[in-house]
Amino acid sequence: MDKPVNQKAWFLVLPVVLLVAFSAVIPLMTVVNYSVQDTFGNNEFFWAGLEWFDDLLHSDRFHEALWRQFLFSGIILLLEIPLGIAIALAMPRRGWTVPLCLVTMSLPLLIPWNAVGTIWQVFGRGDIGLLGHTLGQLGVDFNYTSDALDAWIIIVVMDVWHWTSLVVLLCYAGLRSIPDAFYQAARIDGAGRWAVFRYIQLPKMHRVLLIAVLLRFMDSFMIYTEPFVVTGGGPGNSTTFLSIDLVKMAIGQFDLGPAAAMSLVYFLIILLLSWIFYTVMTNAGRDRKARAHAAESIP
Amino acid sequence: MAEIQLRGLAHAYRPNPQGPQDYALKRLDHTWRSGGAYALLGPSGCGKTTLLNIISGLVMPSQGQVLFDGQDVTQLATEKRNIAQVFQFPVIYDTMTVAENLAFPLRNRGLPRAEIEARVRETAAMLDLTATLGDKARGLTADAKQKISLGRGLVRRDVNAILFDEPLTVIDPQLKWQLRTQLKQLHKRFDFTMIYVTHDQTEALSFADQVVVMYEGEVVQMGTPEELFERPAHTFVGYFIGSPGMNVLPAQVEGAVAQVGGQQLQLPRVYRDLPAGARIELGIRPEFVQAGLAEGLAARVERVSDIGRYKVAKLSLGALPLNAVLPEDMQLDGDETRIAFDPAHLHLYVDGRIVSGEGR
Chain X
1 MDKPVNQKAW FLVLPVVLLV AFSAVIPLMT VVNYSVQDTF GNNEFFWAGL
51 EWFDDLLHSD RFHEALWRQF LFSGIILLLE IPLGIAIALA MPRRGWTVPL
101 CLVTMSLPLL IPWNAVGTIW QVFGRGDIGL LGHTLGQLGV DFNYTSDALD
151 AWIIIVVMDV WHWTSLVVLL CYAGLRSIPD AFYQAARIDG AGRWAVFRYI
201 QLPKMHRVLL IAVLLRFMDS FMIYTEPFVV TGGGPGNSTT FLSIDLVKMA
251 IGQFDLGPAA AMSLVYFLII LLLSWIFYTV MTNAGRDRKA RAHAAESIP
Chain L
300 MAEIQLRGLA HAYRPNPQGP QDYALKRLDH TWRSGGAYAL LGPSGCGKTT
350 LLNIISGLVM PSQGQVLFDG QDVTQLATEK RNIAQVFQFP VIYDTMTVAE
400 NLAFPLRNRG LPRAEIEARV RETAAMLDLT ATLGDKARGL TADAKQKISL
450 GRGLVRRDVN AILFDEPLTV IDPQLKWQLR TQLKQLHKRF DFTMIYVTHD
500 QTEALSFADQ VVVMYEGEVV QMGTPEELFE RPAHTFVGYF IGSPGMNVLP
550 AQVEGAVAQV GGQQLQLPRV YRDLPAGARI ELGIRPEFVQ AGLAEGLAAR
600 VERVSDIGRY KVAKLSLGAL PLNAVLPEDM QLDGDETRIA FDPAHLHLYV
650 DGRIVSGEGR
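Chains X and L, in that order, are what the protein sequence lines are.
Take 1 as the starting number for the first sequence in this note's numbering and just add one per residue.
Take 300 as the starting number for the second sequence in this note's numbering and just add one per residue.
Keep in mind the hints are simulated off the structure, nothing from the lab.
From the three backbone atoms N, C-alpha and C, an ideal C-beta is built for every residue, glycine too.
Check each hint, because a few of them may be wrong.
As the list claims (entries may be wrong) - Incomplete in silico selection of chain X near chain L, CB under 7 Å:
id, residue
1, G41
2, A181
3, Q184
4, A191
Unchecked claim - Pulled a few chain X residues facing chain L out of the computed Cβ check, cut under 8 Å:
id, residue
5, G95
6, P179
7, F182
8, A185
9, R187
10, I188
11, D189
12, G190
13, A195
14, Y199
15, I200
16, P203
What the hints assert, rightly or not - So the derived label-pair ranges between C-beta atoms look like this:
id, chain 1, residue 1, chain 2, residue 2, range
17, L, R406, X, R176, 44 to 52 Å
18, L, M521, X, W96, 56 to 64 Å
19, X, W275, L, T480, 47 to 55 Å
20, L, P314, X, A24, 37 to 45 Å
Could you put the whole structure together from the sequences, leaning on the hints where they help?
In structure tokens, the structure reads:
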């Protein structure tokens, strides 16, 4: 059977092509264009080849920011995912407390990011902040403007406060999809609390956890506003993550070429890591199925 | 296997039940004989699942006791009651293999490894699951999954009873038949006490020795399939069992004479002192209505449908609709016919419940 061919159909996708071109492709290509050129102002550009990329990949500044970024994403994933699962498990399954819990959980997600930063910036201050002042009264020397560890603590705690809710809500949705019969069967089978979690709840949360990990990884890897408001990347460079460094380079120093090269590398890293996460986590499920399938075909 | 006794059992999901309408399960005394195959039949929401969950301990009854072999287990936790239950939707542990699924209840009870393996193999053989033992359970078909759910009950030697909560709902029709036959064979071989909840009368009648019919939280009749058919104790039973269901005709009854659909009918028995103001109805199964007679009650023929081995005639007796089952080769000519009711199968119901008259 012949498929009908009508080249006029291309016109139907034209609006989308234009939209995507103006919103994504052309800006991205501008960045690519900057990344291979140099300028001394006056809108005059010179071909620089891969020089900026070469510089970037050998720069200690970039390596340090990248390492900080990995450390930050790793820490918040290790904290937020288990904490989110635990809270979701502890949430009520029915009754009037359900909407109460859900709304309370959603609140941090509704606050604008720079407001979150401001809240914690004030909260942690030793002179007027409730947290900083209380810690000072208790004899703890907490100062996030001068101590790198303190700065990290406040930024990590802030991110956990801000984003654990997302993990909770996703996990809770996964848990809600488990029919009562599963819990009843588990009771009849004499399963303990751990077995119920390991063999019923965790497998059912597998998909939403994949989404939670991906979202939290991507967001945390691109984090900018909150640490910028709280610490401005300091003290020193101790909380200068990739995005903060990038903005410093592009807007602070106006090094367009190096900043463009860094943007592209940054973009590729996120793309690559997200792809790895996704493949690993979906294959963890598919592998099992494939193995079961293979076992079936053996007579 | 144990005898299960229910004593003064009742359940309301609300904390302070005010009247009978608040009870999901009304007061009930009942004994399930050890080794019996019972079906609990009734429409959705009639309390069958509640009753089942009370027996397995998933629901704590508001009143009354549950006894296993004379021992009160009302307060005992589910896992200590040694009950197996198969649910409407197959419950399997997705990440485990079939063998691990079957071993799960035994592992939770801390049995030695060698014994677990032996029992799993034995149970798999009983259910024809041996070939799939190493497979992941999640890739299997619904009927295989349901067999695994059943297997997790059978694998335990100490099971007091196996409860089924509409287990064949999600199974393909031809497999349903196979699975039901297999269940019956297992029951014959191993003599389990089985309680089988369903809203499908064919399933109930073909599976059980004793059928318990529930309606609005009450057991309205318990008996063999024949008893339910021949002498429904409640108009609901008559209507629910049989296809088409029993004809229920509002009537005025005076002694042995009934006024029904504007005509007079001689009853086979005498009914005295019927309560005034009560709902009086005559019940007659379509199978026991004869049509196309020379004399009898006058009825109008609305429609005759041929359903294969017999025909169903939709008649009206005055303003009352009435079904009659006709032999396959019978023709009803014209719009009018004369009908008669088989006196041995004509019953009288007062407010829905059967009343025995006196012989004439």
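Review point. Which of the numbered hints above does this structure break?
Key: The structure conflicts with hints 1, 5, 17, 18 and 20, although it agrees with all the remaining ones.
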